[in-house]
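A.B. asks: The listed protein sequences correspond, in order, to chains A and B. Numbering-wise, the first sequence is residues -16 to 498 according to our numbering. Numbering-wise, the second sequence is residues 2 to 293 according to our numbering.
Read the hints as simulated data drawn from the structure, not as lab findings. As the structure is a prediction and not an experimental result, all values here were calculated from the model. Glycine residues also receive a C-beta, built at the ideal position from the N, C-alpha and C atoms. All the pointers check out, no bait thrown in.
Now the stretches of chain A that chain B is said to cover, found in silico as 3 or more residues with beta-carbon under 8 Å: (1) -10 to 1; (2) 432 to 440; (3) 451 to 458; (4) 463 to 475.
Some, not all, of what chain B presents toward chain A, calculated at C-beta under 7 Å: (5) K76; (6) L94; (7) K97; (8) V260; (9) G274; (10) P281; (11) K282.
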Amino acid sequence: MNFAFEDIIKVLAGEVFSRRNTVFALFFIISISLLSVGSVWPKRYTSTSSILADASDILQPLMEGTAEATRINDQKGNAQEIIFGEKIMSQILEEAGWLEDNPSEIEKAQLKERIENNITIDGGKGLIKISYRDSDPMRAYITTKRIAELFIEEGENSKINESQAAYDFIEKQVNEYLEKLTKVEEQLREFRSNNPDARPGLETEVANRITRLTGDIEKTHLELREAMIRSESLKKQLSGEAAITISQSKEGQYRLKIADLQEQLETLRLDYQDTYPDIIRLKHRIEDLKLSMNAEIEVLNEAKSKAASSGGVYMDESIVLNPLYQKLRSDASKSETQIATLHARMNEMNKMLENEYERAKRIHGGEASLAKLTRNYQVNQEIYQDLLHRMERARVSKNLDRENQGLTFKIQEPAKIPLIPTGIRFLHFMIAGLILGVMIPIGLIYFMIQVDPKIRFSQIISKDLDLPLLAEISVLSSQSDERKIKNNFLFLGVGVIIVFIIYGYVSWLKITGQL
Amino acid sequence: MSKIEDALNKAKKSRDNGLTSIKAVNSHETSPSSLRSMIPLSTDDSGVQRESSTKEISLMDNGEILDKKELAELKIIHSEMSDNKIANTYRDLRTKLIQKNPGKNFIAMITSCVPDQDSSPTTLNLATAFSFDESKTSLLIDCNLNNPKLDALLNMETDQGLTDYLEDNSIPVDSIMHKTGIKRLKTIPAGTARETATEYFTSLRMRQLMSDLLTRYSDRYIFLDTAPINESADTRILVELCDFVILLVPYGMATKGKVSAAVEAIGKDKLLGIVFNDKPKLPKFRFSNIFR
Chain A
-16 MNFAFEDIIK VLAGEVFSRR NTVFALFFII SISLLSVGSV WPKRYTSTSS ILADASDILQ
44 PLMEGTAEAT RINDQKGNAQ EIIFGEKIMS QILEEAGWLE DNPSEIEKAQ LKERIENNIT
104 IDGGKGLIKI SYRDSDPMRA YITTKRIAEL FIEEGENSKI NESQAAYDFI EKQVNEYLEK
164 LTKVEEQLRE FRSNNPDARP GLETEVANRI TRLTGDIEKT HLELREAMIR SESLKKQLSG
224 EAAITISQSK EGQYRLKIAD LQEQLETLRL DYQDTYPDII RLKHRIEDLK LSMNAEIEVL
284 NEAKSKAASS GGVYMDESIV LNPLYQKLRS DASKSETQIA TLHARMNEMN KMLENEYERA
344 KRIHGGEASL AKLTRNYQVN QEIYQDLLHR MERARVSKNL DRENQGLTFK IQEPAKIPLI
404 PTGIRFLHFM IAGLILGVMI PIGLIYFMIQ VDPKIRFSQI ISKDLDLPLL AEISVLSSQS
464 DERKIKNNFL FLGVGVIIVF IIYGYVSWLK ITGQL
Chain B
2 MSKIEDALNK AKKSRDNGLT SIKAVNSHET SPSSLRSMIP LSTDDSGVQR ESSTKEISLM
62 DNGEILDKKE LAELKIIHSE MSDNKIANTY RDLRTKLIQK NPGKNFIAMI TSCVPDQDSS
122 PTTLNLATAF SFDESKTSLL IDCNLNNPKL DALLNMETDQ GLTDYLEDNS IPVDSIMHKT
182 GIKRLKTIPA GTARETATEY FTSLRMRQLM SDLLTRYSDR YIFLDTAPIN ESADTRILVE
242 LCDFVILLVP YGMATKGKVS AAVEAIGKDK LLGIVFNDKP KLPKFRFSNI FR
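Please construct the entire structure, taking both the sequences and the accompanying hints into account.
C.D. replies: Here you go:
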């Protein structure tokens, strides 16, 4: 059942009133115990230093496009990593005066952990805030100051290291690529020397040659066929032709002429006497011819005998070769020669074609290797060139860092000696003691009212149980009761005043530094 | 079996006996209304006129009257209280009771629903509120025989009371009615003899006494202060003898279950209503009061 706020307040007030002694006891215990805790609670001084940091790293722009460097997004984590590192922590321990008591290793580790717990690192956009909390303001200041300084030192070192590392890396890469490039060059040269005809465009050339050769072969083949046919037909013609014709010999010519002249003589004799000059001239002429003919026969015989004596054959002059036959014969022989030539040429060409084919095959394999080698060479060369550029840039960056030209850490806000303690301090405990001292008992009573099933609201009777409610009667107190209550209130009032006096006294002790 | 149940059983038995005896006398049911019809049965004080009037009441012997201071010390309301809020509450309650029973007097039983939480102060104050009215008298009967409180509340010592009357027939009613020091309020204390209470309440003499008291004066209002009903068999028996019951629910003491159980024990028709009492009262602070 929900009750009106007013009713709840009334009931709460009534309950608080009837349990005033308990409420006061709780108030007393809570306020005094919180005051006690507050008075011994260690003061915490926080010193803070802000560092402006440029987060851009060197490797990234240098390697842009070539390699992707891992980016450090977590600046805070990075700072923590550096500050909580063994190097800085040890130095802090030493410089902030923690090691005066010569602590053991375990104690040192504990001290470090304590310091780490008291360090707060906040990383914003390019701003790292380092806070350190300590009970001693001076120590808080020194520690914070040193942490910031050491962090920057370390950061710069790491920056230099980073650029050096970047340079080294690129240099290494350059060397590697140079080596690769040389190797590829060597391979290329070797390949070229092994494959002299490995040069670009050769394949086309070979293909052209093959085409030409094939064409030539075909042509030759045709020519050969033609020559063979001709030779055949010549041979046929030759078989039908006499090889020798007997021509008229000089003797015969003489005889013919004599006969001719005899004839003329005969004719003339018919008309003329033998004394006729022409007949006489004819007779003379015939005589001459007969003489010449005899001389000729004599020469011939002499030749014959000569030939016989020397064992040779004598060829009669009159026996002469048939000119047609001769021609045919010569043609046939020419044809034969041509055929033989063509055959030879054909063979030669086939051989050449074969060679070309062989070469083409060879070129085909070689060209692939060549392309690969060339490509390798080109790629390596490109990267090498690029890396060379980058190396130069890295060298500049490195030098820049080395000479602190590219300083990326700067103390934005130096550590200060904290004057006012931070965190929960005495004043807070005082206030909390008084407030909680009041709130806790009232809260407990409120809780009790909510939880306790006993009837405290008349509405439960009239509405929940639906019973007729005749009256609500308060407790009637006698005068002596009232007196008692008054005395009780006086007692409680004195108690509250005592609490305040204690508060005031402890505060005074605190302010004057006696506590 | 608990003691209470034992007592209840006994009570039932003896009530049956009582009933038969009443039936023998008058064949009416034993109810408050029937008590009224038993007027002729009254034996004592037959000569006293029944007619009541303010005048007559004013002649009533109230004995030594307690002054305001004494009343305040006894935590009894009076008409001139500095903080009359509570007195007015009782007055309102009185008005409500009269309105609910118009034109006649009644026997009202007041009981609490929480053990160990006695109803006596409230009952006493309610009776006192009735006695504020000069035309009314009130009679307070302490029926909490095991743990009577009225004497202590009124700061008086009485020799004879209800049990003595019920036990000894020779004792007249007048001798057990005591002056309280409050005008128009008389009381019958529990008495000295205390045996099994149930037997007393179921007796015919008890019934006769009740009817007698109720009917003698029509302006007399009778209040029975009883033990908490949830633990007392007497109280349950007394429910039958009264006109109605007022159930006290003390602040922060009773659960709903206890209230329901008490209502169950009383019976819806007898229950007139609930009084939510013992509410804590914040003292009114006046700075000057602190150091007075």
